[in-house]
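From first to last, the protein sequence lines stand for chains A and B.
So the first sequence is numbered by my numbering: it starts at 1 and just counts up by one.
So the second sequence is numbered by my numbering: it starts at 225 and just counts up by one.
Treat the hints as calculated values from the structure; they're not laboratory data.
Treat the hints loosely; a few may be bogus.
Claimed, not checked - Pairs of lysine-lysine residues, derived as DSS-like cross-links and limited to a Cα-Cα distance of at most 30 angstroms, are as follows:
#1 124(A) x 535(B)
#2 403(B) x 362(B)
#3 575(B) x 403(B)
#4 4(A) x 535(B)
#5 520(B) x 65(A)
#6 124(A) x 229(B)
#7 420(B) x 311(B)
#8 441(B) x 430(B)
#9 403(B) x 521(B)
#10 139(A) x 535(B)
#11 311(B) x 229(B)
#12 4(A) x 209(A)
#13 26(A) x 520(B)
#14 163(A) x 535(B)
#15 521(B) x 124(A)
#16 65(A) x 521(B)
#17 139(A) x 441(B)
#18 65(A) x 403(B)
#19 139(A) x 229(B)
#20 311(B) x 476(B)
#21 403(B) x 441(B)
#22 26(A) x 521(B)
#23 229(B) x 163(A)
#24 420(B) x 430(B)
#25 521(B) x 4(A)
#26 163(A) x 474(B)
#27 367(B) x 269(B)
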Amino acid sequence: MILKAEKLSREFIRESRGTNRFIAVKETDLTVEGGIFTVIMGRSGSGKSTLLNMLGGLLEPTSGKVSYDSVDIYGLSDGELSRLRNGSVGFIPQGQTALHSLSVIENILMPYTLFREDITEAEKYAEELMERLDIAELKNEMPSALSGGELRRMAIARAVIRKPGIIFADEPTGDLDDENTETVFGFLRDSARAGAAVIAVTHENTASKYADRVLRMTAGELQG
Amino acid sequence: MSIFKSLPFRNIAGKPVRSFVLVLLTALLSLTVMGGSLIVSSLRKGLDSLEARLGADVMVVPYEQATKTKIEDIVLQGSTGYFYMDKTFMDKVAEREGIGEISPQFYLASASSSCCSIPVQIIGFDPETDFTISPWIKRSYGKELGKLDVVVGNDLNAFVGDTLTFYGQECHVAAKLDKTGTSYDTTVFANADTIKALIQSSLDLKMNNFSDIDPDKVVSCILINAGEGYSADEVVNDINLHVKKVKAIKTKEMITGISDSLSGVSEVIGILIAAVWILGVVILLLAFTMSVNERKKEFAVLRVMGASRRKLAAIVLQEALITGIIGGIAGVLLGLLIVLPFNSVIEETLKLPFLLPGAGGIAVYSAAALIAAAAAGAAASGISAFRISRIDTGLILRGEN
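So here's chain A without its partners, still in its complex pose (with noise of 0.2 angstroms):
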């Protein structure tokens, strides 16, 4: 899958801030292909996250458009889009997100189910992402026993459980210790390795070394 980003751009009104108009994300230009792990990096602040969901169908941009394999998504209906996202994405996002109603293995497999019943074949393919991310021990734990590396690690399961083109993570080892970094960057590069295009934004240098990518972003500005 082939991911287009043409002068995207998002501003933001915040009173609180002295200015009404703020400029996340400045006119910003980006491609990203299949098998290819990148790596957009800097400062909190900096417009990484808000860039990452326009890219992931999440936060519908100012300007610019975004497109995945030559589809407008923002040109999509919310149904259309959910079903792309649902298919075709996988997003690992910021902070602890899971649905504290379910178990572990139910939280993995949420995404298969939103459009059908039968699975079967997703349980399979659980057990053996929660086998890769060390967490099969804890498949019918309920996410308020996990650690937060331990939840860390479900989230990114549930991302990927639909085997999807495009995976984006925003700072996925934001508080996690040097072990679970490891796991997960490793889990990302893996993945991108096996067809994905995975974009990771975080302020982790660590990454810089699985990625084959690096992107800089600063004051919203994305610098190759």
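We have chain A; now place chain B onto it with these hints.
Just chain B now, with coordinates in the frame of chain A:
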């Protein structure tokens, strides 16, 4: 059921306190609708039943009694009492213009009785001319009542075959009437021969306030149906103008007092229901808004996974509907548990005729209360469902919304 489809149920189970409060609120709404409508409808049914049981347009009573006692209390509200006038008034009234049907009634209040904890009103009627009581007594007891045979009201603790003693006379319970929801449920009925015998016994025992009467020469009141082409008003006016020492009363006027009380009670119940509903729906609205606000990130995560706006709204609505149905059922059951076993207490407290609807009617009120509670929950969550369907996932994930 898929994991996604089970999510509303899991969310409800996962937040027991929040869910309990929502269920409690909807139960309260359903209880007010169920209890309120059941009470109002029972009162209306009681009034209808009373109207049907009275069955006469005009009642003629001794003038002195009409000014001294509230005749309505004796006739309609179950107070015990008795009064007599000379039988000749019956002939004088019968001669008047516009009289269709005419029949006497005889009253006696028992001093004590083995059957009841409350003093019992005994009403005697003349089977030859009666047109008010006989028809519905015949429905419960197919034969004519013999001497010292009595028919008892539904609320009295006496059954067919029992013997009741009134003023030393042993009376045989020939039938027990169906529930009417009126004072007739605590009344004993007898034919003219029986009541004359009982009046005589009360006189012999010196337990009758009217010591110098001859039971064969007195009646308590005269019931009249206006003849064709005459109105009850015309008959009343004519009797009051031409027959001295009696007072004719239009029976509808006697019921008017009860009808007014019923309207007052219905109005109070209506206001209470409205107040509880306004308060309940506002609290539900706040509860859903707070609940959805605190779960914004959860909904944003679902959106990230590919849930459409419609699916998010459906989750909120389903949760509201489920708690609404559970609460609705709880409220209906609670309403039935309060109104059914305590209907006689309600009747006594309100002092109005009270007749519960049949099983079909109760089922209709239950269904209406259940639907109303579930709909209130769904409506109160509607705004939250709409808001959650409009969330800006990107901003919520960034912690800015």
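Each hint, compared with the structure:
no. : hint            : in the structure
1   : 124(A) x 535(B) : holds (26 angstroms)
2   : 403(B) x 362(B) : holds (15 angstroms)
3   : 575(B) x 403(B) : holds (16 angstroms)
4   : 4(A) x 535(B)   : holds (28 angstroms)
5   : 520(B) x 65(A)  : holds (27 angstroms)
6   : 124(A) x 229(B) : holds (21 angstroms)
7   : 420(B) x 311(B) : holds (13 angstroms)
8   : 441(B) x 430(B) : holds (18 angstroms)
9   : 403(B) x 521(B) : violated (60 angstroms)
10  : 139(A) x 535(B) : holds (26 angstroms)
11  : 311(B) x 229(B) : violated (81 angstroms)
12  : 4(A) x 209(A)   : holds (24 angstroms)
13  : 26(A) x 520(B)  : holds (28 angstroms)
14  : 163(A) x 535(B) : holds (22 angstroms)
15  : 521(B) x 124(A) : holds (28 angstroms)
16  : 65(A) x 521(B)  : holds (26 angstroms)
17  : 139(A) x 441(B) : violated (96 angstroms)
18  : 65(A) x 403(B)  : violated (78 angstroms)
19  : 139(A) x 229(B) : holds (20 angstroms)
20  : 311(B) x 476(B) : holds (25 angstroms)
21  : 403(B) x 441(B) : violated (33 angstroms)
22  : 26(A) x 521(B)  : holds (27 angstroms)
23  : 229(B) x 163(A) : holds (22 angstroms)
24  : 420(B) x 430(B) : holds (15 angstroms)
25  : 521(B) x 4(A)   : holds (28 angstroms)
26  : 163(A) x 474(B) : violated (87 angstroms)
27  : 367(B) x 269(B) : holds (28 angstroms)
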